[in-house]
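In the order they appear, the protein sequences are chains Y and B.
For the first sequence, the numbering used here begins at 1 and goes up steadily by one.
For the second sequence, the numbering used here begins at 394 and goes up steadily by one.
Among the clues, some could well be false.
To be verified - Listed below are the simulated DSS-like cross-link pairs for lysine-lysine, each with C-alpha atoms no more than 27 Å apart in a straight line:
#1 B:K763 with Y:K116
#2 Y:K330 with B:K626
#3 B:K763 with Y:K370
#4 Y:K187 with B:K723
#5 Y:K283 with B:K763
#6 B:K585 with B:K626
#7 B:K585 with Y:K53
#8 B:K762 with Y:K116
#9 B:K676 with B:K623
#10 Y:K369 with B:K580
#11 B:K623 with Y:K187
#12 B:K585 with B:K676
#13 B:K723 with Y:K230
#14 B:K446 with Y:K116
#15 B:K580 with Y:K370
To be verified - Computed far set for chain Y versus chain B, every beta-carbon distance over 12 Å:
#16 D25
#17 L32
#18 E47
#19 R75
#20 G104
#21 I111
#22 D159
#23 Y199
#24 P345
#25 P375
#26 N377
As the list claims (entries may be wrong) - Simulated restraints on C-beta separations:
#27 Y:M138 with B:G624: 19 to 29 Å
#28 B:G655 with Y:T135: 55 to 65 Å
#29 B:D534 with Y:P375: 35 to 45 Å
#30 B:P536 with Y:L54: 18 to 28 Å
#31 Y:E284 with B:H620: 56 to 66 Å
#32 B:T765 with Y:T135: 20 to 30 Å
I should point out that these hints are in silico values taken from the structure, not numbers from a laboratory.
Virtual Cβ for every residue (Gly too), placed ideally from N, Cα, C.
2 protein chains.
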Amino acid sequence: MIVKYIIRIFIFTTTLIASSASFADMRGSGDLGIIIERASGSIQIIETTNRTKLFNIDGLGDLSHASVVFSRDQRYGFVFGRDGGLTKVDVLAGKIVKRVVQGGNAIGGAISQDGKLVAVSNYEPGGVRVFDSQTLEMVADIPAKYGNGLLSKTVGLVDAPGNKFIFSLYDAGETWIADFSASNTPKITKFKDIGDQPYDGLITPDARYYVAGLFGEDGLAMLDLWHPEKGVKRILDGYGRGEEPLPVYKMPHLEGWAAAGGNLFLPAIGRHEVLVVSASNWKEVARIPVHGQPVFAMARPDGRQIWVNFAHPKNDVLQVIDVDSMSIIKTFKPGRAILHMEFTPRGEQIWVSVRDRNVVEVYDTETLKKITELPANTPSGIFLTARASRMGL
Amino acid sequence: MIVKYIIRIFIFTTTLIASSASFADMRGSGDLGIIIERASGSIQIIETTNRTKLFNIDGLGDLSHASVVFSRDQRYGFVFGRDGGLTKVDVLAGKIVKRVVQGGNAIGGAISQDGKLVAVSNYEPGGVRVFDSQTLEMVADIPAKYGNGLLSKTVGLVDAPGNKFIFSLYDAGETWIADFSASNTPKITKFKDIGDQPYDGLITPDARYYVAGLFGEDGLAMLDLWHPEKGVKRILDGYGRGEEPLPVYKMPHLEGWAAAGGNLFLPAIGRHEVLVVSASNWKEVARIPVHGQPVFAMARPDGRQIWVNFAHPKNDVLQVIDVDSMSIIKTFKPGRAILHMEFTPRGEQIWVSVRDRNVVEVYDTETLKKITELPANTPSGIFLTARASRMGL
């Protein structure tokens with residue numbers, strides 16, 4: 001009798017617990033993000049609604065220069081480490097799902113338009129490797145062969161419409177398109193002689209133009225993906241002509257492109273300027289003098305402001321450019337080693353990594369006031385799940 | 394003894410069930426969406442990765458002309474019904490959280506940049522009401538007063554940066570900005586004499602320009618939100634000049650704006666054309682003849698294609714415009730009453746409601762082939778959670 005009674009309670013309670021547990025753990029994934037903690041090889045999962053930390057996860061290897069892309073359902077982040085590690089993280093459960101070391105020295109990655117493929121750009125061995133986003137099994141290996149069987153470092157890897165990946169060969173001066181629309185054996189299109197030492201690339205927000213920055217030359221290389229038959233064109237040729245380039249302590253990043261009001265805002269290389277280029281005719285519109293060698297120049301999602309950070313030794317400053325007047329409206333000094341910034345998708349907040357103070361600061365972009373700061377161990381990159389719905393990031 | 398043993402099993406099993414239930418029910422919310430089933434006052438929750446239905450929910454009242462916005466975490470959809478009903482739906486749990494009837498006759502809504510406020514545009518009583526997105530308690534009532542204490546229908550309600558809502562007064566020919574950045578008592582800025590009978594409005598993807606379509610005049614009214622002091626300007630004035638307007642069986646929609654390659658693509662009113670306007674100087678660039686009076690002209694997220702549906706009696710056709718050549722590359726006849734289309738955020742799929750066949754069709758936008766179709770009861774609007782990360786929708 002008593003046993004029967006206990007069994008009834010048991011059934012009732014387990015049903016209750018099962019359903020309440022499921023509701024308690026349920027949460028949307030639209031306001032989540034990953035903060036890279038580079039020195040400890042760990043990450044934080046954060047949320048931007050109440051601005052709190054949800055999880056700490058460690059064991060991700062060497063995370064210097066790490067970046068992240070997200071699955072189309074925004075549940076999983078794919079973390080690309082410097083040591084060639086590719087780690088799939090469940091941002092809702094706060095745990096590592098799988099980790100592979102796919103190369104010796106890697107520099108970022110991308111996820112295909114359909115979300116099925118994750119590509120990694122490698123310095124060592126030079127080339128791009130492509131993985132199934134479910135299993136992390138390798139489905140394609142694209143060695144960046146040039147000249148007499150040499151392998152180039154690959155840079156500026158982005159995704160593009162039609163399940164394509166685009167990247168450039170630093171040592172070879174080439175841009176390649178790998179088209180995965182028909183199968184996992186990609187169709188490769190190569191563009192040669194694009195310029196000397198492409199060091200990074202970007203795709204415009206409409207995913208039409210691919211632009212590679214050149215370290216060895218005074219200009220950039222542009223490919224119109226609607227008209228690949230027209231080849232790669234030089235833009236902003238000689239933008240620093242006749243002037244001695246300043247020393248470059250850190251390469252600028254182009255993947256943090258800034259498109260605003262029909263213009264692109266690009267960090268100049270070897271100059272303390274942000275270059276403004278028209279996205280309709282690719283001519284220089286203006287150049288805005290800034291505090292130092294810019295590293296990231298990032299547009300608020302509505303294009304009204306550009307936030308800029310700088311290379312060593314001037315990396316303790318953050319500047320805000322007003323796009324309408326093309327002038328600096330605010331200079332912050334949050335601390336040494338401001339490594340990265342990320343806007344919330346509708347632009348009301350910006351999250352800023354201040355490595356040497358071990359904090360991530362959050363600003364209101366309308367008032368330019370600090371809202372809060374969160375402790376983080378040597379924070380570098382900040383990546384929000386909203387990236388899942390954008391191309392070329 | 395046996396009781397103790399049963400209790401131990403009980404504790405062990407409940408723990409196990411609680412944790413397994415939580416993982417089983419956990420899912421990302423980035424690939425979800427809501428399909429409106431207008432005749433039955435019900436909705437479906439779907440996902441776009443495997444293209445399946447997850448839930449049916451009914452009891453949402455009159456859903457003719459219904460639309461949806463999403464919370465910033467993408468867990469909740471706010472469904473605006475024609476009968477003034479505002480229903481908060483948990484898209485992960487598949488259930489209604491709360492429902493209020495806030496007006497007598499409503500026409501769409503918007504969510505503030507910070508996600509805290511949901512605004513509803515009302516025909517009856519004319520004006521905008523604003524609700525706390527957590528509780529659905531009303532926090533502000535903005536009657537659209539004009540003339541001698543009359544109330545205007547409000548149309549073209551959108552959100553804008555700085556926690557603003559913008560809308561137009563159909564009967565008064567005005568555009569109003571309601572600024573909620575300082576408090577829930579909005580600062581209202583009114584623009585009078587913008588033109589006769591604004592019937593809908595849009596905000597450009599960069600959230601800089603607000604454009605109202607005019608039913609009573611041959612042109613549109615444009616406001617530069619970076620320079621509100623310059624007032625509202627007429628654009629495309631007399632675009633149908635000297636020609637007898639064709640009968641308008643259904644008003645075109647502007648909130649399905651299409652911006653591509655620096656141009657806006659707008660459905661003309663009373664003409665069988667899509668108008669192309671430069672977003673830099675607001676002059677007409679081209680007009681593209683189409684099958685009938687366009688209702689929605691929507692750009693694939695990369696701006697390479699515009700998909701257009703049409704008003705009764707030509708509403709059984711769907712056309713695809715190639716933006717590069719500005720010509721029609723495909724005409725589909727999926728069935729009568731094609732009421733709405735929605736792209737996945739990175740543009741690889743488009744979902745299309747075919748009301749009279751009781752299906753939603755899904756197309757691959759690269760091959761233009763149908764991937765699948767899902768049964769739905771008189772489907773109309775389709776709204777994906779990725780809208781949460783975009784302004785002005």
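Going through the numbered hints above, which ones does this structure break? Give me the numbers in ascending order. Hints 2, 3, 5, 7, 11, 16, 17, 18, 19, 21, 22, 24, 27, 28, 30, 31 not satisfied by this model.
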